[in-house]
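Chemist: For reference, the chains in residue letters:
4 protein chains.
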Amino acid sequence: MKKYLHTPTEPLEIKANLKTSELLKRMEGISFQGRNLSKAFSIWKEMLEGEVTIFLGLSGALVPGGMQGIVTFLIRNRLIDCLVSTGANLFHDCYESLGRVHWKGTHQVDDVELKKAGIDRIYDTFALEKEFRKTDAYIRDFAYNLDLTQPYGTREFLYLLGEKLSKEMKKEGILTSAYKAKVPIYCPAIGDSSIGIALATHYKKNRFVFDIIKDIEEMALLVMRSKATGVIYIGGGTPKNFIQQTEITVSIMKNADVPGHKYAIQITTDAPHWGGLSGCTFQEAQSWGKIHRKARMVTVYSDATIALPFLVTALGESATDLIKKRKFPVFDWKGKFKIKR
Amino acid sequence: MKKYLHTPTEPLEIKANLKTSELLKRMEGISFQGRNLSKAFSIWKEMLEGEVTIFLGLSGALVPGGMQGIVTFLIRNRLIDCLVSTGANLFHDCYESLGRVHWKGTHQVDDVELKKAGIDRIYDTFALEKEFRKTDAYIRDFAYNLDLTQPYGTREFLYLLGEKLSKEMKKEGILTSAYKAKVPIYCPAIGDSSIGIALATHYKKNRFVFDIIKDIEEMALLVMRSKATGVIYIGGGTPKNFIQQTEITVSIMKNADVPGHKYAIQITTDAPHWGGLSGCTFQEAQSWGKIHRKARMVTVYSDATIALPFLVTALGESATDLIKKRKFPVFDWKGKFKIKR
Amino acid sequence: MKKYLHTPTEPLEIKANLKTSELLKRMEGISFQGRNLSKAFSIWKEMLEGEVTIFLGLSGALVPGGMQGIVTFLIRNRLIDCLVSTGANLFHDCYESLGRVHWKGTHQVDDVELKKAGIDRIYDTFALEKEFRKTDAYIRDFAYNLDLTQPYGTREFLYLLGEKLSKEMKKEGILTSAYKAKVPIYCPAIGDSSIGIALATHYKKNRFVFDIIKDIEEMALLVMRSKATGVIYIGGGTPKNFIQQTEITVSIMKNADVPGHKYAIQITTDAPHWGGLSGCTFQEAQSWGKIHRKARMVTVYSDATIALPFLVTALGESATDLIKKRKFPVFDWKGKFKIKR
Amino acid sequence: MKKYLHTPTEPLEIKANLKTSELLKRMEGISFQGRNLSKAFSIWKEMLEGEVTIFLGLSGALVPGGMQGIVTFLIRNRLIDCLVSTGANLFHDCYESLGRVHWKGTHQVDDVELKKAGIDRIYDTFALEKEFRKTDAYIRDFAYNLDLTQPYGTREFLYLLGEKLSKEMKKEGILTSAYKAKVPIYCPAIGDSSIGIALATHYKKNRFVFDIIKDIEEMALLVMRSKATGVIYIGGGTPKNFIQQTEITVSIMKNADVPGHKYAIQITTDAPHWGGLSGCTFQEAQSWGKIHRKARMVTVYSDATIALPFLVTALGESATDLIKKRKFPVFDWKGKFKIKR
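Chains as they are written, first to last, in numbering that gives the first Met the number 0: chain C, 0 to 340; chain H, 0 to 340; chain X, 0 to 340; chain D, 0 to 340.
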């Protein structure tokens, strides 16, 4: 009995003027997803303390959902060290960095009317199709000024896009801050987005080739050269799997067992019982060796637009010292691949 | 186009030392469920401003989940005026008020082992079965000291239980604070809980009868005598339906159309497409006349143990003045039914 | 390794002219929820073989959803022995048995317009409010012809309603077939439905009292006198908990441990990680002693309107012999409570 | 009122020996997801009647889940004309075609023990890691025998892999049947799978490059040259978006509005309110012009391992004539791109 009953729950008392970080800390004493969100906060802080390379996987319409500033904050303050994202989020990031906006809308609307008005809907958020087309053109122009005789890894491509955007941006965003902080961004399904569309529509004239396999190798090297790794998944999709699979890649490269990611947080609205990778537990990942058998890990079942604002505000408040003292990896992509701290 | 594009979203910027209420206010500018949680905050505050009778429906294992203090806070500060709950939450409230605790556990455990150790599991939370049995006995003793020749409405029963508990409690809770604040509590499925079990096991000796229909009539009177009504649902189940159906009851009683609840918030993890009442939208409820055709309403898809701590902390912070000035209904159950403000 | 790898999956091959029961049988070889549905089929058949009292818990808008005929089939053919339902399903059953219909609609509609047209919406299904009111009146008339000086258990009330309906019905339904087959129906939250509304609106004149505690005692006796019990939950809510809690009730009555339900099937769209009873696993229930520690059990995550048509068609096809030979309990409520087989 | 109430629902009656196609047809008369599954059946048949190019998007662990035979059936009988898949499903298809199996397991297991035994878990299904590695090697050997001086589109790569597999297979599968039926397969995130891993681990020696942009252009041409298009999504992820975005690509290529896909079915366990592309409605897609404003479309909220066996069995039974008479596109990839019927 004592084996099981060691710590009573602590029903939450409401206090005014509580910092978000204090509130989130107290939620450790409750149950269900509230406790899990608090645990995510605690695990993230622990990642910041050690020499851990932190990967963030980003899927879902987070930038249209208003999360650009939060991801930018994570990059700028080095609460993460490497980002893997869907193409759409990077496209929308580019769009917003160039000064364009999304609009507050509603999902209860006549979509055929929206189409007539040239408006694209993302659940409760609107945008103008023609503004997207301008961003297409921007990215196309950028790409076609690169060296078309060679394929580009997405990390390289996005780094150069971030560099260009940094000079022309109206507003700091993910690509620009990642460029400045030397935080690599990978996009394993870059074709599956407006970036891909932008390049495909002019494929007859200009053949731009991405080197996807190079990305995988690079990611494996990042993991291999890290003392320890931690993963944070917002949603599932290709970003989650792409980061998860690094451990398998390393294991095959070294022809040896690998320990797996030591810290793991996921915020998801999926569920394990559908059998897919997006909703699977970190326990399942332990069977594959992707996650360390003694990893600190938590899954928070929540919409990211609720969980992230509180979680990242709390980190921003309470982790100031951790951030200052943090030993984070510095990637040097010029010439030979290096990691310095 | 302008018809649709009136307000740009405002991507959230992370600020340290932001009050929860300020953070929640800012989340109005983002999208998806984060925006909806912010909207819930705004609607709740608007309810507090007018002469609105506020009903709270409570389902799910909220008290074992650590939400006792939050619901108590809502009652004590009159952020709600009437509570409809599952029996389980009231049983667990009684249990905690008597000084007993729930324990932090995990869902990854051998439940057959727990059974052997006499431990009951509620997802990631544990409790001792024998402690529950003591609470059974407490409630049975209380009930059998009532007048067994007459049926009791659950409001009456729970009021008297709150009175008794107030004298013997180790810790303020839902029943005790509701007793003190004269906030009525209804429990439409009271038999479907340990309260029902406690009374059924001794039914041969003592026949205790609840008058469920009386509750419905009382609830209808509450609505009928209110200037306006607002509803807040944590989960669905009988509490949601019981509050929703008051409008139909009133309409039949008066043989006239009724306006419907004017404010409506629900925090749920269910979804509309399964067709059930728990997950249905407030729009659907408008077709029935349960919700006002121009109601301010929002559904937040979130676990309550995440949404409530932030939402109620924010209300506690920012609504101090609203609460002070609030005109809330005072129910007088002695003799004839009355509402004073 | 051999400990884990004993049976290969069998990817499903499409065959034409396969009986539903054959198809469902083959789905045992696949994975995820398809396998679970097949397992539900297998467990239900096993229940029919032994001397098992089978309880069905019914929640969600199943009758408006077109499931009246399926539940009627289960009762008439004694694939179940006791039904616990929400009030709404029984009200809608009464409504349909009297020859009234639901209508095919859509959830993409202006609900305020529906309200004006007197139409109530249940997701994608419509009904006329005034037709519901006639059913209210029918139930009220029935109730007020009962003996108002005594409280009624819901089983008794619904049995008598079934008897009356059987004489006046336009179409066989749940209440009528249960009356004929002597299958008891319990409704723990009967007030939380149009049945409750119907009686509350005339409460001033006629005081009708339900005896909820009596129901709990009766259910406990049913379990106590059964050789073994099996449970089938469509959705969660009060019906699931009401059947689950019988084991606790019996345990307290006998002041002894009870084995728990030996067979357990649930079809749900809820999930365990929200912590509520509706979505909780049967493993969790084992810790409480509600489910036998060696029970055959399965949870199928699916909308019931998909799972039930296939599952019950398959049972109807393949279980003919099982049904013929089945030893089912016969309840005798006249005078003293008895179970015969 | 008549505007809304045109067709009564038809509660389903259980009949034995009903063909799956007949049962599914009858489910048109019920509500919720059962009705939607029936509607999916009806829409798919309508697609087969006209000159429609049918795209299937496949995500989730469908092949490990036992769906290989079903997808193979769809390809072989030309119930679909183009497949877009995650890499994992194609890897697992290759694995099974080579005679290897998945194993029936359980999600309630010690994953650290599985790891020790060299077993990988996919929810309730097991497989041997070392068998996966052999499949890695098989794919690597295949790839490194291609012309490494040029990039390959995934369609081309998978076609050639299907060709090789066809000669060496132990069992017909997706890649082999697609090769034979000349059904193109695209894999927009091919790197995000064991196929990518297999090539990345030897990247230093052999640089294999995929041409993702070429795929997008090809897909756009397929759409452009089709009389009409229909889409079927099992899950969301990159396959859904990749097919959806073809309309945007075509629109930009032609610098003109496009009609959008005319038929649309999705089977998903996601929900719209999270804001992501995987769970978004076809209505939302209409605002973007991806779906025709008068498209016949339905979303079925269900696990695919339940929905697909019934749906495809029903199609196999009832669509024999439709299939025989069907005018399907024949793609000719040799030299110049052509579509013949």
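Incorrect hints may appear among the rest.
Given that identical chains are not distinguished, each listed pair holds provided it fits within a single copy or across any two copies.
[What the hints assert, rightly or not] Simulated crosslink set (DSBU-like; lysine-lysine; CA at most 30 Å straight-line): (1) K1 to K324; (2) K38 to K163; (3) K204 to K339; (4) K14 to K204; (5) K170 to K2; (6) K163 to K226.
None of these hints come from the bench; they were simulated from the model.
Chemist: Now look at each hint and say whether the structure bears it out.
Modeler: Hints, one by one, checked against the model:
1. K1 to K324: neither (39 Å within a copy, 49 Å between copies)
2. K38 to K163: neither (39 Å within a copy, 38 Å between copies)
3. K204 to K339: For K204 and K339, the Cα distance is within 30 Å only across copies (26 Å; inside one copy 41 Å).
4. K14 to K204: neither (63 Å within a copy, 47 Å between copies)
5. K170 to K2: between (54 Å within a copy, 27 Å between copies)
6. K163 to K226: Neither, since 32 Å and 42 Å both go past 30 Å.
Of the hints listed earlier, those the structure fails to meet are numbers 1, 2, 4, 6, in rising order.
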